[in-house]
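Visitor: One-letter residues, chain by chain:
Protein chains: 2
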Amino acid sequence: MQFHHHGYVSGDPRVQPAAGRGVDRPADLPDTTDVLIVGSGPAGMLLAAQLSQYPTVTTRLIERRPGRLEIGQADGIQARSVETFQAFGFAEAITAEAYQITSMNFWSPNPDDVTKIIRSGREIDDPNGISEFPHLIVNQARVLDYFAASAKNGPGRIQPDYGYEFVGLTIHDEGEHPVEVTVRHTAGPHQGSTRTIRAKYVVGCDGARSAVRESIGRTLDGDQAFHAWGVMDVLTETDFPDVRTKCAIQSEFGSILLIPREGGYLARWYVDLGEVGADDHHEVRSTPIETIIAKANEILQPYTLEVRNVAWWSVYEVGHRVTDKFDDVPTDDTDAVDPRVFIAGDACHTHSAKAGQGMNVSMQDGFNIGWKLGQVLTGRSPESLLRTYSGERQEIAQNLIDFDKEWSTMMAKKPEEFENPKELSDFYTATAEFPAGFMTQYRPSMITGGGEHQELATGFPIGKRFKSARAVRVCDTNPVHLGHHARADGRWRIYAFADAAGPGEASALSAWATWMLDGDNSPVTRFTPEGDDIDSLFDVKVIYQQKLDGIDLGDVPTIFLPHGGPFQLVDYEKVYGALEGDDIFDERGISRDGAVVVVRPDQYVAHVLPLQATDELTDFFALSMNDSSRQQRTS
Amino acid sequence: MQFHHHGYVSGDPRVQPAAGRGVDRPADLPDTTDVLIVGSGPAGMLLAAQLSQYPTVTTRLIERRPGRLEIGQADGIQARSVETFQAFGFAEAITAEAYQITSMNFWSPNPDDVTKIIRSGREIDDPNGISEFPHLIVNQARVLDYFAASAKNGPGRIQPDYGYEFVGLTIHDEGEHPVEVTVRHTAGPHQGSTRTIRAKYVVGCDGARSAVRESIGRTLDGDQAFHAWGVMDVLTETDFPDVRTKCAIQSEFGSILLIPREGGYLARWYVDLGEVGADDHHEVRSTPIETIIAKANEILQPYTLEVRNVAWWSVYEVGHRVTDKFDDVPTDDTDAVDPRVFIAGDACHTHSAKAGQGMNVSMQDGFNIGWKLGQVLTGRSPESLLRTYSGERQEIAQNLIDFDKEWSTMMAKKPEEFENPKELSDFYTATAEFPAGFMTQYRPSMITGGGEHQELATGFPIGKRFKSARAVRVCDTNPVHLGHHARADGRWRIYAFADAAGPGEASALSAWATWMLDGDNSPVTRFTPEGDDIDSLFDVKVIYQQKLDGIDLGDVPTIFLPHGGPFQLVDYEKVYGALEGDDIFDERGISRDGAVVVVRPDQYVAHVLPLQATDELTDFFALSMNDSSRQQRTS
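From first to last, the protein sequence lines are chains A and B.
The first sequence lines up with residues 1 to 635 when you count with the numbering used here.
The second sequence lines up with residues 1 to 635 when you count with the numbering used here.
Next comes chain A alone, as it looks inside the complex:
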């Protein structure tokens, strides 16, 4: 965490100084806004937190509810989401209050008496160390609380506007705020009355029955039949020994997915109520909780479950459905028209809760669109950047639906339908990278390079998220995770992995560093807005092959020790070396000739290039960035 550089901060350093629109942000919803977010779920709240880092942009978020979410809904947090929380500054805090999944147990009918279940397997969660972050369970309400704090404590000081419901929108052909949105007061003295707001962009994060989606004529397509679940968050007395371990329970009488919850006592029980057809007309929703508890007891035999307190429960049906496009641009106009309205999260994709995916994929939708809107609305990128959102995220949603269909079909199988008892647990282990959130790989585009030089950094696959590794930070000798320094502040990261020479010696790295700082055509020179700090757009770091004692800060090129802020202080935290016994070059397959690894603001690897490929580096950024007027700068 870096602070004090604008002067001493006495209080919580997580509260950043207000700036731009955040300095005097109106409490009431204004008549115009740059961005209007509809819905305060995981996608919408992450988006608000991200845009709070762009304080010159006006962002408002409307929510139908009169206040914060209290209970219920999603609870599965994959490692990729914790990695994302780290970038927003609250991974440690939420982990401390979460349930941590370290294994999953499988129960199936006892072959000696198929009416009773026995434990048939235990699989370690993330046995291959896919991530340094844990797999958590914590209620969605708390995730939203943390994003709300991040949005409020960011320079933009964004807080949700509760009590407004989205009614409809019209996109005009002209004007600075072409999207006219009608909203209705759901609470307070004006309850029931409507008003309009004009926005540059609208993002619908308003759930499976999204009115924003409907307003742009998109539909969820997929299953006609639905699967019904009874779900309950309960405090219980039971002799079932695995009540504090995540379990998939298959019995002759149906199946249960058991998710222990944060705090040591509560658990969520998903009890399978079977498939229902379209002709059920939601009859299943009137299933009483007593039926769900009875069903759970039937499945759990020979164990029993006594419910002492019900925190929340629901019966719901869900199908596997996805929208074909996540913005308002007709499919045949994709290359000609820039979008104005986007949808994200459950508004785009619905599926079973079985794999604990929904909240996670939704947050990544928000992370994807967030920096793009920020980049465009601050004039750093052309509006065409926004076209990449739908293309990148629709494919991920389709993958999710496909995966979830396979997983939930398998979980709904009767025990005798499996070829072998370990089929379910084998599938769980074999596909672990997907539910952990790390299978996403974006295709080449204006913001994702081709793989011509991938061999220079085999451990950083282009298009996948930057998988952090440890290095030593030279200035304070701290062994740190290189990637954890990157915060969700909208900046691009450029990691310069050095060739063999050390600091102070002539090398490909030192030539690159000089060019990066002073070259007429370097990205820093061409794209960093005039008057901004030299590292405001590109956060440029160096990792030397030498260990700590081989690196003298006095010999490190200036681009890696930039001055900034009102006191023009040096940022010392951009210079790294290899750790003894844990060499990042080996860990991530980095060439000993060096490499430049470019990482997007949402943590995805955008490009890998040789240190010599300076023109290619600038050309890559020129695809998605506007030239600044600056042509020269001094450090």
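One thing to keep in mind: the hints can contain errors.
[Stated by the list, open to error] Derived list of chain B stretches under chain A, where covered just means 3 residues or more per stretch with a C-beta under 8 Å from a C-beta of chain A:
1) 58 to 64
2) 228 to 238
3) 250 to 259
4) 307 to 319
5) 363 to 371
6) 476 to 489
7) 604 to 610
These aren't lab readings, by the way, just hints derived from the structure by calculation.
Yeah, the Cβ is synthetic: ideal placement off N, Cα and C, and Gly gets one too.
Let chain A serve as the given structure and place chain B on it in line with the hints.
Guide: Leaving out everything else, chain B in the frame of chain A:
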């Protein structure tokens, strides 16, 4: 973190339900209180946080300042303090915003040109893994903020009463609240006027010039001469390469202790201004900051230091002084009279800032007296328990003074006075356990047993703090630090390390467990207050020698799976096994015949006994606990 067991908690689980006096705590200072804390420094604020866990006790804390501390004062946080923060629930949060010391560099005159300094050594901080917790630097103001949050969020809802200064006290011979305290308003409409408050106990945490100390006739004894320091928290531009590493700099022109501060930019510079005699009459305090900066530049040659912003600075003189007793009981009445007034922190001991000890030792003073007051005021212990405070802490303070004298004398030596250039860094490494806070070892007393059975658990020395080790928590398969489950909730911990048999087999462990639950003379039966949960006084855990898959929760004795709370739910988090490849029995030298390890509420090992020594266990607790009326209980 455990919660939800009294029903669903929607918001931050760190906010515990209000109870007792916390339910309707008056905002204004009342006329009577059980405990009156004077001063909101580290000792006082920890004490308030601790007593918030005893909500039936009325606790008020008065502070002369009108509000929270903004800046300045101590910043060194030893690992023992971070361990303490963990018990109060904020180790992760404060670590995330702190500077972490991983090495210390030593600079001395260049033999080729003694007017210039060169780096002469680098020592790893905690090379021997004394603790799993880091060594931090973070401003005292933030430490106090976190304790303030803990005090406010605890069941007692304690908040400081700002704007009151302690004037004096009288101890009466009788009455429920025998200590009559006069306080003066320092702010607000009543500024300058005085009033009285009656308290059962008063704790003076009011600093080096403690008025509470004076009121009980104690004095600080020690040095007559003082050492003067210029200290400044500054943002700088410098070519000194180690500005982000802790450094001891010895030059021909004087010495500097450089402490990089949290946030990546700020640093604290202690610049030695030499010894001053009593006849200086504080003249040295008028040294201007320009002189300190000039002195720093002289010492740093060939490097230069330009100060861009001064966050805080001060000139102070300090001697090595300690009080002979930390309460109001005359030395010759120690065995006959119970104390009513205590002093803690700088009120008892002052010394140099060089070893970064002050705030840390002060906090342990508060931790020591806190649970004892709680225990007595809830009727669980006789008042004689309070006599142990002065005896335990005065010796620690004397050790601190002795250590600090040696260290600061060494740091003030001229380079040519050292026998060899590594003398300073060798001393630093050799004595690392002391400044890390782990040398404290309490002597045998009513709350610290003798060493007759120490060989059963050689890694848990009696009288020293319980050094945690890792184990697997059976219920959720999480590998965890056994000691991190212990919170500063005033409970005693009893760790039952099992003999070789597993759960469900007859063994010394299972016999002990049965006795502990049902035996007429077991500590649980004799001392747990009637009507309280079975684990309200003793938190009893078991650690089996078996690995995870050898432990079936269904076979574990009931004392380790107690029911509690309004829904009588099972606490599953008391049953542990050995980790594969990291066996706690080996790590801590536990006998394979088992052992009972007793740990005090302030985390110090109180006793080690065989599983068979049931009478001895009860006899030990009988020394410091009152019998409850309960003679039988059911689980």
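Visitor: When the structure is checked against the list of hints, which entries are broken? Sort them ascending.
Guide: 1, 3, 5 and 7
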